[in-house]
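Participant: Chain by chain, the residues run as shown.
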Amino acid sequence: MENIIEQTGVSNRYLKFELGGEYYSLPLLDVREVTPPPKTTPLPNSPDYFVGVMNLRGQIVSIVDLRKKLRINAKEDQSQQAIVITEIEGVNIGLIVDAISSVMNVGSQDLMPLPEFKSKVNSKFIRGVFKEGEELVVLLDMPLVLDIQEIKNSRNKAS
Amino acid sequence: MRNAIDHGIETKEQRSDTVKPPKGTIKISAYHEGNNLIIQVKDDGKGIDPRIIESKAIEKGVIKSNHSLTEKQLKELIFHPGFSTKEKLSDVSGRGVGMDVVKTNIVSLNGSVNLDSELGSGSVFTIRLPLTLAIIDGLVTKIEEQKYIVPLSQVSEIVPFHTNSLKTFTNGAHLYKVRDEVLPLYYLNRKLGLKSIETTQSAVLIVKDTQRFAVAVDEILNQRQIVVKNLGQDVRNAKGIMGSAIMPDGLPSIIFDLVKLYSDEMKVKASA
Chain S
1 MENIIEQTGV SNRYLKFELG GEYYSLPLLD VREVTPPPKT TPLPNSPDYF
51 VGVMNLRGQI VSIVDLRKKL RINAKEDQSQ QAIVITEIEG VNIGLIVDAI
101 SSVMNVGSQD LMPLPEFKSK VNSKFIRGVF KEGEELVVLL DMPLVLDIQE
151 IKNSRNKAS
Chain W
1001 MRNAIDHGIE TKEQRSDTVK PPKGTIKISA YHEGNNLIIQ VKDDGKGIDP
1051 RIIESKAIEK GVIKSNHSLT EKQLKELIFH PGFSTKEKLS DVSGRGVGMD
1101 VVKTNIVSLN GSVNLDSELG SGSVFTIRLP LTLAIIDGLV TKIEEQKYIV
1151 PLSQVSEIVP FHTNSLKTFT NGAHLYKVRD EVLPLYYLNR KLGLKSIETT
1201 QSAVLIVKDT QRFAVAVDEI LNQRQIVVKN LGQDVRNAKG IMGSAIMPDG
1251 LPSIIFDLVK LYSDEMKVKA SA
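Just so you know, the protein sequences line up as chains S and W, in that order. Each residue of the first sequence is one higher than the one before, starting from 1 at the first, in the working numbering. Each residue of the second sequence is one higher than the one before, starting from 1001 at the first, in the working numbering.
Isolated chain W, as found in the complex:
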């Protein structure tokens, strides 16, 4: 981040020579992608010039002058220990111990750093970390003595279950009225293949998605920070299962991705 400000963004004078607005932009984004957590830092500065890196590297003896590195390999030299191309050391990005330390740390977490840089239009650093290290806020729910976790980010609210707000159709579909809104309701225990005793349902989660829907569970226990662990490789791709977490009692618990779990149902509804 600091590197982007210091090394990436040009001075006002340099920028006005190009078509760019005088103010530089640095965009930071973070998101899930499969089993990875992606953090992206993108600036619209001057990009990394492989020629400058090349001459610096030769001067510092990192590479030989008759090297045969490609432009991409040259750019990646910024991850080499003790490498800083900025002419002046500044108090913003510090000394040249930056990028190689970043890379070593990320690699030791089984992640990777990727650099995309276009001379003149900026650089993108993409950091990829395995989700095993990701900590999420989870809602612990209980269905028939078994605990299941739902990521809190998918839940927009929790409402108590009242049978008089429920409408059941002959084909087994349910609608649930929350204030003035009517939402499709699904029983999570049906999805689990458990014998459902529908009277035991006591709470409803409202899931936020492009379409909102409600999911009924037996009980909401608490909310806790959860370290997401991957399941064994043989079940990793089970639909709607994000992973598992080890609960304080030592037992693993399943983490559900409710949006994925009910994606088929929601699709049917959308096309109907």
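Chain S extracted, bound-state conformation:
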């Protein structure tokens, strides 16, 4: 399995998307699928970034508004909004983004540490920055953004 991933170079691919006019990315291997924004059911007493739950072909998936989670103002034009269904360490979460841009093919040597520049996002959520032409694309630390460890801990406590 490791070998296949190496050979095909999938691990060097990243999904690039737009949040409030800036470009962000996450590893393509963490993405299960991309869907148009679904109808969701809100959950009571949940944080403001938690949009609700959706029915993904029979599976209940939680939807998180990535812009609210990262305190980014959403674009006014919502026509290109999409949901990225992620699967990180066995946890499925859907993320609302302003728009999907492309799939980037970059080597790990292209990942630069966070330079001195002002991002709208708390720097602890940033793993690095890709330079793509003139654009800077922020690589998000998704397990940290989504509190995956916290989720897994609470699950272990429950069982």
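Hint data in this document are derived by calculation from the structure and do not stem from the laboratory. One or more hints might be untrue.
[Said to hold, decoys possible] Heads up, simulated EDC-like pairs for lysine to aspartate or glutamate below, C-alpha to C-alpha not over 20 Å straight-line: (1) K1191(W) <-> D48(S); (2) K39(S) <-> D1249(W); (3) K1239(W) <-> E150(S); (4) K1142(W) <-> D1257(W); (5) K75(S) <-> E135(S); (6) K39(S) <-> E1145(W).
With the hints as your guide, set chain W onto chain S.
Facilitator: Below, chain W alone, put in the same frame as chain S:
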């Protein structure tokens, strides 16, 4: 079940040799435990003798005579395909295709079977199934255009909402009079963090618990059989939420465990 009667319970003569009453007892219980459904079959028969299993298994070539299995492992051999220790095949429990088929079926549903057996005092089979497969009778209620489900088992009755039966205190607590009984009343929409327009309340559910209480909702829609689905792992432990169900319109709906949802309120009242 049939296995318990046939293999577990001894004959009358065998029983009278021990201190047990001449009639055997088989107890079947089923209950929820967390996200699991537990079914337990318990008999007070002779239990499973690991020695008998051992000699049978060797005879049938399932294990070798120089095996190193523990007593517990030996007992679990009854789940092995094609294994039946009863000397005579009978028309009660059938042929020896029983336990391994049971186990395979349960495992394929992501469940488990556990065997506890004490020689001389009986056996307990515990079957554990994930609640995702559980179907409950649910009451579909509506609050501000959103549907919420309450398990019917928690509701003892539904009464219409009349403002003249309601008494509101200055601290915001409510009491509701049902016939000669006065019960604490909670508005479900407050719990949901919605702006409550209290005049829209039209029905009251009476929840059965050690303490009875009333819960007001906007509208009761219908009653239906509901397949309980787990929520995403990130919200599974939200208090008072039992799971969700996919409604005919394709949207998920939240299933509330009202007793858990209001357990804090009821505790405060009990200690006051």
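Participant: Hint by hint, note whether the structure agrees.
Facilitator: Against the structure, the hints:
| no. | hint | result |
| --- | --- | --- |
| 1 | K1191(W) <-> D48(S) | holds, 16 Å |
| 2 | K39(S) <-> D1249(W) | holds, 10 Å |
| 3 | K1239(W) <-> E150(S) | holds, 17 Å |
| 4 | K1142(W) <-> D1257(W) | holds, 16 Å |
| 5 | K75(S) <-> E135(S) | holds, 18 Å |
| 6 | K39(S) <-> E1145(W) | holds, 13 Å |
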